[in-house]
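With the hints as a guide, bring the two chains together.
Here is how the chains run, residue by residue.
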Amino acid sequence: NAGVTQTPKFQVLKTGQSMTLQCAQDMNHNSMYWYRQDPGMGLRLIYYSASEGTTDKGEVPNGYNVSRLNKREFSLRLESAAPSQTSVYFCASSEAREDPRYEQYFGPGTRLTVT
Amino acid sequence: AQSVTQLGSHVSVSEGALVLLRCNYSSSVPPYLFWYVQYPNQGLQLLLKYTSAATLVKGINGFEAEFKKSETSFHLTKPSAHMSDAAEYFCAVRSVKGGKLIFGQGTELSVKP
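Those protein sequence lines, which keep their order, are chains W and B.
With the first letter of the first sequence counted as 1, position 70 gets the number 70 in the working numbering; the numbers rise by one all the way through.
Just remember that the working numbering sits 115 ahead of the position in the second sequence, which is counted from 1.
It is worth saying that the hints were derived from the structure and are not from the lab.
Some hints here could point you the wrong way.
Unchecked claim - From the derived model, a few chain B residues whose C-beta atoms are all more than 12 Å from chain W:
{"hint": "1", "residue": "Val128"}
{"hint": "2", "residue": "Glu130"}
{"hint": "3", "residue": "Leu133"}
{"hint": "4", "residue": "Leu135"}
{"hint": "5", "residue": "Leu171"}
{"hint": "6", "residue": "Gly177"}
{"hint": "7", "residue": "Glu179"}
{"hint": "8", "residue": "Thr187"}
{"hint": "9", "residue": "His190"}
{"hint": "10", "residue": "Thr192"}
{"hint": "11", "residue": "Ser195"}
{"hint": "12", "residue": "Met198"}
{"hint": "13", "residue": "Ser199"}
{"hint": "14", "residue": "Lys227"}
{"hint": "15", "residue": "Pro228"}
Said to hold, decoys possible - Reference listing, derived: stretches of chain B covered by chain W, where coverage requires no fewer than 3 residues with Cβ under 8 Å from a Cβ of chain W:
{"hint": "16", "region": "156–165"}
{"hint": "17", "region": "217–224"}
Don't be surprised by glycine CBs; every beta carbon is placed ideally from N, CA and C.
Here chain B stands alone, though its shape is the one from the complex (with noise of 0.2 Å):
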């Protein structure tokens, strides 16, 4: 069985800090990795996604993740946090053999002045 697990609910940073989401996973085969976005009163957005082939991935905004196998781990970072990036970001999993998406809990990122 595949699950995932985001350490933190809520992580706030100052504008400028870097941002560090972590995510880590669980799964018996080879799983392919998405990071989500969510702003207020809003749907989710496809942030980046680990689809087995480079382990560092960039996607939008100035995020990237990097996938390492040996921890089991799929952390989102930003270098420098904006005052935008202020939402909830959700990690998720599915096998390379499809099937479900299976979600974390979510990390709410608040972005202090």
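Chain W on its own, in the form it takes in the complex (with noise of 0.2 Å):
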């Protein structure tokens, strides 16, 4: 049981280069989400998905588009990267989104940074 995976686990680019981060759980969580964490902010929301075939902003969805390809995984995508989104970006899972009582799984992040 990997629980939940990230690729890739390091990632340098260019302004203005995009890129896909990959998310896959193997625990059947309905819900999973995108994270950025940045020092001194803690964790910050870019997007959720609630369930397979849904999505839904977070606190910082600028700059970034997902897609919850199957009930395994989610991916984060930045079209033209920008320096501002260099950060340690978690994926994390949870049973059921609207249920408070179910913790979220991390995965280990991917650090990006963005010359």
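Rendered as structure tokens:
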């Protein structure tokens, strides 16, 4: 049982380049999330998917797009990377978004640098 | 609106000393509260959670937290710090109605030998 996996672990992009961060979970969870982590700011929600086939904006969605490919996979795309998107990106999943008892399980993160 | 404030971005203790990491929350409805730990270069791992059962919650690795409604606090404690406890700790809150998880800014714990 791998839990939540993310690829790649590290990435360096030039301004204007695009890339997709991949996330998969093998816990049969309904809900999946993308966060970014910046020093002194905790984790901020970018996008989430409450269930397969649905996606919604979080706190900081600008500059990102997502795809819930199937129940297991949830990808995050940067269409035109900017230095402000330099961050550590975490994917997470949980049983049900609307049930607050369920904790979120996190992947190991992707460290992205945009030059 | 909900929010979480963690007092102190860095806390340093000696090995064997008490660990106290502070978390205060703001919520207009009863909250569910969580503590996560992040070891260097890793993702977040759940330490413990409060979901309106017992107010004193025990978690993994000897940590515990007490929900105090009158003080709107959910401080994390451990009686005796170990070197392996060095990590960043995040407090988070959710409404009983569901919705997103709101994280505090994080507290980095250092443990001195």
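Query raised in the report: Taking each numbered hint in turn, which are not upheld by the structure, reported in ascending numerical order?
Result: Violated: none.
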